[in-house]
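There are 2 protein chains.
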Amino acid sequence: MHIPTVLAANVEHFQVLVALFLMLAAAKLMAEIFERLRQPAVVGEILAGVIIGPSVLALVKPDDIISIIAEFGVIFLLFNVGLETKPQSIFKVGGRATAVGVLGVILPFVAGYFIALAWEGNFAEAMFIGAALVATSVGITARVLGSMGLLDTDTAKIILGAAVIDDILGLIILSLVSSVSKGSVSPAALAKTAAAAIAFTVFVALVGSRVINRLAPRIAKLKLDKPFFTLGLILCFGLSVASAYVGVAAIIGAFLAGMALAEATEENHGMHKLTSGVTEFLVPFFLVNIGMQLDLSIFRETSTVVLALVLTFFAVITKFIGCGLGGYGLGAQKMAQIGVGMVPRGEVGIVVAQIGLSLGVIEPRFFGAVLFMAVATTLIAPPFIKFFYTFDRDGDGTPDEPEDVDISGDFARIG
Amino acid sequence: MHIPTVLAANVEHFQVLVALFLMLAAAKLMAEIFERLRQPAVVGEILAGVIIGPSVLALVKPDDIISIIAEFGVIFLLFNVGLETKPQSIFKVGGRATAVGVLGVILPFVAGYFIALAWEGNFAEAMFIGAALVATSVGITARVLGSMGLLDTDTAKIILGAAVIDDILGLIILSLVSSVSKGSVSPAALAKTAAAAIAFTVFVALVGSRVINRLAPRIAKLKLDKPFFTLGLILCFGLSVASAYVGVAAIIGAFLAGMALAEATEENHGMHKLTSGVTEFLVPFFLVNIGMQLDLSIFRETSTVVLALVLTFFAVITKFIGCGLGGYGLGAQKMAQIGVGMVPRGEVGIVVAQIGLSLGVIEPRFFGAVLFMAVATTLIAPPFIKFFYTFDRDGDGTPDEPEDVDISGDFARIG
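Sequences listed follow chains A and B, in order. Just so you know, we're using numbering that gives the first Met the number 0 here: the first sequence kicks off at 0 and counts up by one. Just so you know, we're using numbering that gives the first Met the number 0 here: the second sequence kicks off at 0 and counts up by one.
Isolated chain A, as found in the complex (with noise of 0.2 Å):
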C-alpha cells in the first residue's frame, strides 16, 4: 500500500488506524445483518473477527495492540454492569452465586482433564485443558443480556456473582495447574494467592460503595469538568490494575469499580451516558479479537478435528448441567437461563491456553482445539441466551417468571 515516504515515522499508526477501521466496519456490518435475522448481535460481530482474521480473509491480524485495545473493551463492558449492578443485590443471591460457580467450574475441569487424557495428552496437559474448560467469559452475556435490558432479573444478578466466584476459582486452579507443570507445588504459595484474590474481592465489594456513597457530595463539588465520570474511569482503571495485581482478572477489577459507584450515580445519566459512549465505541474490538482468534487451519487433521468439537460439546454440556444445577429451586427456566449464561469461554478461555503454551505444557494441537471451543462456545451461547429468556411457555405474552421463589438460597441448602 503506497505511504507518503514523509509520514515514515508513523507507519504503525497508520496500520493500526486501518486495522481499527477495518474491524469496526466489519463488526457493524455484521451486527446490523444479525439484527435484521433477529439473531444476537454479538454473535455477528465475532463472526466478523472470524471473517477479516487470519482464518479467512486474512485482512487483520491479531496484534499486542489490538488484544489492549479489545482488553479495554472487556473492561468497560465490566465497568458499565458494574454501574447498573447495586451490591446489595449481588449480595443477596451470595450463595446462590457461589453454589452456580462452584458447580460450575467442577464438571468442565473433569470432563476436560478426562478428554486430554484420552487425546493422549499428559497429565499436566490434562489439568491445563481442565483450566481452560473452567473460566467463564461472563462479557459475552452481560453484553447480550445488556442489549435485552435484562440486567436488573434475578438471574443476571447470579450470573455475573457466580462469575466472580468463576473466575476467583479459575485463578487457583490455574495458579495449581502452573505450579505442577513446573514440578513444584507449593500449598503455601498457592494458599496465599487464593486468600489474596478473595481478600481483595470481599474487600472491595463491602467497602468501594460505601466509600463513594460518603465521598459523593465531595465529588460533586470538584471543580473538574464532570467529576463523577473521571472519577469513574481512574476507580475503573484504578481497581483493573489491582485485580491483575492481585491475581484476578482486571475485567474483575472494573466490574467492583462499576458496582461502587452504582448506587451514588443511579440518577446521573450524563455520566452514564459518557460510560456507555466509551463501551459501546471499545466493546466491538473485544469481540472481533475473539473471532480472530479461531485458527481454522487445526480442520487439517481429523483427530484434532474431533477433538475441537468433543471439547466444545462437553465444555457446552457441562457448564450448562453445572450451572444449571446451582440453580436448583429456581424452576426449569431459570436454571437454563443461569447454564446458558455460563457456556461462553471467550478471551479467558483463550487467555489460559495461552500461558499453557508459553510454558510449553500443552502442545499445539490442544491449543488449536482449545481457541475452536472458546470461540465456539461464545458463538453457541448467546441464541440460546435470548431463547431462554424471551421463551413463553405459559403463552401469557410474557417470559414465565416463577412466582415467589427464593433465589436467595444459600450453598448448603442445595449442596
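In short, the hints are calculated from the structure, not lab data. Be a bit skeptical, because a hint or two may be false.
Stated by the list, open to error - Simulated crosslink set (DSSO-like; lysine-lysine; CA at most 30 Å straight-line):
id, chain 1, residue 1, chain 2, residue 2
1, B, K222, A, K272
2, A, K60, B, K85
3, B, K222, A, K60
4, A, K225, B, K225
5, A, K225, B, K91
6, B, K272, A, K220
7, A, K225, A, K272
8, A, K222, B, K60
9, A, K272, B, K225
10, B, K85, A, K272
11, B, K181, A, K225
12, B, K91, A, K272
13, A, K222, B, K272
Following the hints, put chain B in place on chain A, whose structure we already have.
Quick look at chain B alone, frame taken from chain A:
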C-alpha cells in the same frame, strides 16, 4: 513489582494498564488544581505529563502503545469539534482562514530557518527547523475553546479553517524539505502530493455533509443499536485513514468526518453525548503524552538552552503576528484571538522533528530544542487564549465584540 507468574502472558497488558492509570490520575489531579487556580485545565494535564514523564519522576515512559492511544485522543477531539462545526460556517470564513493559514506558515518558517543557520545548522537542517515551526496543533486551542463553550465564535471558525490550510501547507513544506534532505527534489511528485491533499480535503468538505444529510433518514432506520454514533465512529476512522493515506494528518480526516455529520446530528444529543464520552476518556492521554515528550536533559548545555528559548520565543511571536495579521480588519481583540489560537505546536511539531531525526537530518540538540518549543508553546498559549477571549476592554461585562465587521473578507483584500 510483583506480578503473579501465572499472568506472565499478560505482563504487557498489565504495564499498559498501570501506565494509563497513572496518566489519567495525574492528568485529572492537575486539572483539578489548575481549575481551582482559574487556569486552563489543559495546561495542568500537559504538566502532569512533564511530571510523571522521563524528565521528572520517570513513572511512565512514552511508547508506541501510549502514542497510538494519544493519537486516538486528538482524533476524537477533532471529530467532536467537527460535530459542532457546520461546513457553511467554515466556508463563510474560507478566504479569511486562508490568509491566516498562509501568513502563519511563512513567518515561522523563515524564523526557524534563520535561527537554525545562526546556530550553525546546515541547509537541510534549517529547512527542517523551519518546517517544525510551521505546524499548528489545533487540538489544544479547540480543547480550550470547547471547554469555554466558544467553539461557535467567528474567530474559532477562522482558527479551525486556518488549521486545515496550515496542515496542508505543512504537508507540502514537509514533502519539499524531506526531498531536499534526500538530495532529490521532484517538482512533479510535490505537485502530486499537494494536489491529492487539496483535492481530498475540498472534496470531503464539500460533498460529505450533503451525502450524510441525504442518507440520514436511512441511517435512522438501521436495526443497529445507536446508528448515528456507530456510523460516526466508522466515518471518523475511515476518513482518518483516508487523510493519512493522502498525506494530511489523520485529525483533518476526523474533523471532516465530524463536520459531515454536524447538520444531520445537530439535534441528536444522545449521539453527541456518547461521542463526547469517548473524547473525554481519550483526550487526557493526548495531553499527558505531549508533556511526557519534554526532555529537560537538553538543559545541560547552555547553547542548547538558549537555542530552545530563542526558538520558542520566535515560534510564539511569528505565529501570533502572522496569524494575527491574517485577521486584519476584525479589530485588535479578534486579531489577538486568532494569533494566539494558532500558537500551540504540540504533537505536530514533535512529529516533524521525529521525521527529521529518523531521516538523520537534524542533530539531537535541534531535536531537543524543537521538542521544548513544541511543549512550551502548547503550555504558554492556553492562558492567553482564555485572556483574549474573556478580556473586556469596554467594561460592559462581556468580552468586546467589534460590531458589524465583515469576517468573510478574502485574502485578496488584505494581501
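Hinted pair B:K222 and A:K60, Cα distance within 30 Å: Roughly 29 Å between the alpha carbons, so the hint for B:K222 and A:K60 holds.
30 Å Cα cutoff - pair A:K60, B:K85: The hint is violated at about 37 Å.
Proposed proximity, B:K225 with A:K225 (alpha carbon, max 30 Å): Judged against 30 Å, a Cα distance of about 23 Å means the pair holds.
Restraint status (C-alpha distance of B:K181 to A:K225 at most 30 Å): violated, 49 Å
30 Å limit on alpha-carbon distance, applied to hinted pair A:K272 and B:K225: holds, 12 Å
Hint consistency between A:K225 and B:K91 [alpha-carbon to alpha-carbon, up to 30 Å]: violated, 33 Å
Straight-line alpha-carbon gap A:K222 to B:K60, limit 30 Å: Measuring from Cα to Cα gives roughly 29 Å; hence the hint holds.
Holds or violated: A:K225 to A:K272, with C-alpha atoms at most 30 Å apart: holds, 12 Å
Distance restraint between A:K222 and B:K272, which requires alpha-carbon spacing of 30 Å or less: Distance of about 20 Å is within 30 Å: holds.
Pairwise hint evaluation, A:K272 against B:K222, where the allowed Cα distance is 30 Å at most: holds, 20 Å
Restraint check for B:K91 with A:K272, where alpha carbons must lie at most 30 Å apart: violated, 34 Å
Straight-line alpha-carbon gap B:K272 to A:K220, limit 30 Å: holds, 22 Å
Of the hints listed earlier, those the structure fails to meet are numbers 2, 5, 11 and 12, in rising order.
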